[in-house]
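Student: Below, each chain spelled out in residue letters.
2 protein chains.
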Amino acid sequence: METTLTYSPATHKPLTFHTAREDFIGGTDNARAYLERCLETIDAREPAVLGWVTLNREGARQAADASVERYRAGRPLSLIDGMPIGIKDLIETRDMPTEMGCAAFKGNFPKRDSALVRALRDAGAIVLGKTVTTALGFLDAGPTTNAFDARRTPGGSSSGSGAVVGANMVPVAIGSQLVGSVIRPASFNANWALKPTYGGINRGERMGFSQSHVGVHAGSAIDMWQTTIEIVQRAGGDPGHPGVYGTTEAPKPIKPKRLAVFESEGWPRLDAASREAFEKALSAIAAQGVEIVRRGQSQKLEALERAIADCTALSMRLNAWEQRWSLANIAEQHMDTLGPSLRESLELGRGLTLDDFRESLREREAARTQLAALASECDALISLAACGPAPLIDDIKGTAFPTGDVSFSCVSSLLGAPSVTTPVLAVNGMPLGIQVMGQHHDDAKVTGIACWLANASLG
Amino acid sequence: METTLTYSPATHKPLTFHTAREDFIGGTDNARAYLERCLETIDAREPAVLGWVTLNREGARQAADASVERYRAGRPLSLIDGMPIGIKDLIETRDMPTEMGCAAFKGNFPKRDSALVRALRDAGAIVLGKTVTTALGFLDAGPTTNAFDARRTPGGSSSGSGAVVGANMVPVAIGSQLVGSVIRPASFNANWALKPTYGGINRGERMGFSQSHVGVHAGSAIDMWQTTIEIVQRAGGDPGHPGVYGTTEAPKPIKPKRLAVFESEGWPRLDAASREAFEKALSAIAAQGVEIVRRGQSQKLEALERAIADCTALSMRLNAWEQRWSLANIAEQHMDTLGPSLRESLELGRGLTLDDFRESLREREAARTQLAALASECDALISLAACGPAPLIDDIKGTAFPTGDVSFSCVSSLLGAPSVTTPVLAVNGMPLGIQVMGQHHDDAKVTGIACWLANASLG
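The listed protein sequences derive, respectively, from chains A and B. First residue of the first sequence: 1, per my numbering; consecutive thereafter. First residue of the second sequence: 1, per my numbering; consecutive thereafter.
Each hint should be verified, as a subset may be incorrect.
Which copy? The list can't say, so a pair holds if one copy fits it or any two copies do.
To be verified - The calculated lysine to aspartate or glutamate pairs, modelled on EDC-like cross-linking and capped at a C-alpha distance of 20 Å, are:
(1) Lys300 <-> Glu359
(2) Lys255 <-> Glu347
(3) Lys280 <-> Glu359
(4) Lys111 <-> Glu332
(5) Lys397 <-> Glu46
(6) Lys111 <-> Glu205
(7) Lys397 <-> Glu276
(8) Lys252 <-> Glu205
(9) Lys397 <-> Asp43
(10) Lys300 <-> Asp355
(11) Lys106 <-> Asp355
(12) Lys13 <-> Glu58
(13) Lys106 <-> Glu332
(14) Lys13 <-> Glu344
(15) Lys111 <-> Asp336
(16) Lys106 <-> Glu263
(17) Lys106 <-> Glu205
Honestly, the hints are just simulated from the structure, not real lab data. Predicted model, so just to flag it, every value in this text is computed and none were measured.
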């Protein structure tokens, strides 16, 4: 089965949960019926999308029935009680294996919930299944295809989370981002997504990288935000971090006064149609009275661009050092399970010294300082969320980025800055996101600005 | 078998490795013979000390033989090639289970090395066995007894690591500290120990707490330091941290100009003999021309004391929030495996809100600022490493601190500051350490000052 859909921001109908919840309370719908509709969509779309590693249909039905009872008693546990959700298969779940897209972890089943999974269950959400990740969250692709065109990549590493939300199988899925793993697949599959401030959502047992973040993919800004806050109120951010600030009420649209455009190392790689779509959107934003700051108009913006000019390679060096011991463990026993990108990272890590790593840390810190300096110059920064719409899988197989170029999404990982992508553009019938990036802890503000952009008819 | 030894800093002969290594190179000793002597000591002392959970004698012999070959070929891998070492059983080892002192993890065997274990093996060290930890590194005691008196506590949570080094079974053992878990057992068992700057040694998979640190217990300052640096050069610090700074050459003794004495909440709980021994030591230090700054003589020191006045409770609150989701996982399936201190922490965590946690983070940050302010007032801070020598197990069973009062050792955990304890005092024939605590990244400097103290005949 092959799927080709034409994406249009104006007519796209994403799956939402907050709307259905009103009907749960009113008694005209319920969590079990909602789940069954999700399962029907899964049955129809999954043969082409291949976004799930494991589905726990019976467990989900039991959880949905319990939710129905809570609503009937007038006691839902949270704003996401009864919401079916997908969990990236890097994250541990007590009732399903956690295989991380890597044969070395085949059958790995620690039988415990990661922090955010525990929080989701405590909030009454329904943990429906595990979504496909590239191997160990790196670049080697899994089987998943794009929700809008099965010949195209879903992006990575949160391939499944991006695709199952894009295909309306679930309203929300959890992803994670080390380089560009939430914002990019979200863009490719017409998701909203929040990659929060570093440390904003508790990573649980998987803390091995100083640039990794948990992120939330959703069909709507409201579901994205409410899921984030319901998790953070229960499991917090990473140890020692305050967690995403905000209430469960989704931020209202915020019209910014001034937005700075960051280009990053991805700018020269943009295709003409994507660049044109973005420039047209910028003109539309400016026409509504928002000042747009471009390269050359601000010394501080130029300084940031210089500091992120080598963003991807710098991130890869940091990650390679930080994972070299765990990759060495795997290589020793299961070398054959490592794909080309992981082998390359292992080699890169082995070639680095502690002093190299320390120098990379200083470069990253310097880039973060340049971001902070922009606080007085703009309300937020914007850019495309990817170098263009999802490429054809056959076109990028065997390249350095077999799930798509990471450069636009890598910036917020390096900076630890909050970023929200909103699916406001279509290029050649495929979705393309615009991302809003802010200062640390501006998660609510960038969400509000992204909501304003989504309402501003930019397409 | 019962052991009662009388400790005297002047006559105590700890087991050292760096001295033997010279003989390995000279060919008059070798790693296999050294290991066999360790195993003889273990056979003699372990029936009373009970410091090991698992011993891998055959694996250690093979590793020792390989080390012998490397020395024979003139190619040792590092300064710790051939060194037998114990690993606290919170830390994963590919060839032994990791049961964390908790029946919920009975048989847990992930078959991979944690970052520092991997680094130790890469440096040629011999991972001899896993040492007893209190349950999950908290307060509920295991079977281990004090190396100098089997009726007394070895301290915790690094109970086994402290005791096996104190009993000369191995020259070095790895511990970890969340509240007072390295410095206290080291003091009780006459170890040297370094609890490094926060993030200084890679914690590997166990990153669940923002106050946890890996530490190194040793019979000598040189072995302590060289082991630290050999690990850090290979596995670094925690992700995103620069790791302990310094070369493999152990710091030379550093005579300080000015030392500030911190009292902490433990001061009123000191027994008269320990207080007298400490005051006598301070007088001896002053007599050698070092200025001693006491409470009341410095406003900044007073400000620090106020900021750490609630150190233990503040630390417990932070930890309780940070571990509530993982304890909830265990409680759900294995409630009967949780001892009283873990149940109490679970209850405490459940009663806290995210805002409570954020307020505790701010208090901790404020305390760290007070420490930083002291940088211009003194070269380092000193204090006792514990409230006195190891208490009798029967006297503290069922109390809030069943492995001894944590207050003196908790300070460096809260502050994330480097601390070294040196076994320079004896009280009633039992060891008592003096700790030197410094500014962040002053690990080498506090080690050097501790070496000077050790040479200064304070006892």
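Student: Now tell me, hint by hint, if it's right for this structure.
Tutor: Verification of the supplied hints:
| no. | hint | in the structure |
| --- | --- | --- |
| 1 | Lys300 <-> Glu359 | neither (23 Å within a copy, 34 Å between copies) |
| 2 | Lys255 <-> Glu347 | neither (47 Å within a copy, 44 Å between copies) |
| 3 | Lys280 <-> Glu359 | neither (40 Å within a copy, 46 Å between copies) |
| 4 | Lys111 <-> Glu332 | between (26 Å within a copy, 11 Å between copies) |
| 5 | Lys397 <-> Glu46 | neither (22 Å within a copy, 58 Å between copies) |
| 6 | Lys111 <-> Glu205 | both (13 Å within a copy, 17 Å between copies) |
| 7 | Lys397 <-> Glu276 | neither (27 Å within a copy, 73 Å between copies) |
| 8 | Lys252 <-> Glu205 | neither (34 Å within a copy, 39 Å between copies) |
| 9 | Lys397 <-> Asp43 | neither (28 Å within a copy, 59 Å between copies) |
| 10 | Lys300 <-> Asp355 | neither (29 Å within a copy, 35 Å between copies) |
| 11 | Lys106 <-> Asp355 | neither (36 Å within a copy, 40 Å between copies) |
| 12 | Lys13 <-> Glu58 | neither (28 Å within a copy, 64 Å between copies) |
| 13 | Lys106 <-> Glu332 | within (16 Å within a copy, 26 Å between copies) |
| 14 | Lys13 <-> Glu344 | neither (41 Å within a copy, 49 Å between copies) |
| 15 | Lys111 <-> Asp336 | between (26 Å within a copy, 17 Å between copies) |
| 16 | Lys106 <-> Glu263 | neither (40 Å within a copy, 53 Å between copies) |
| 17 | Lys106 <-> Glu205 | both (18 Å within a copy, 19 Å between copies) |
In summary, the numbered hints that this structure violates are 1, 2, 3, 5, 7, 8, 9, 10, 11, 12, 14, 16.
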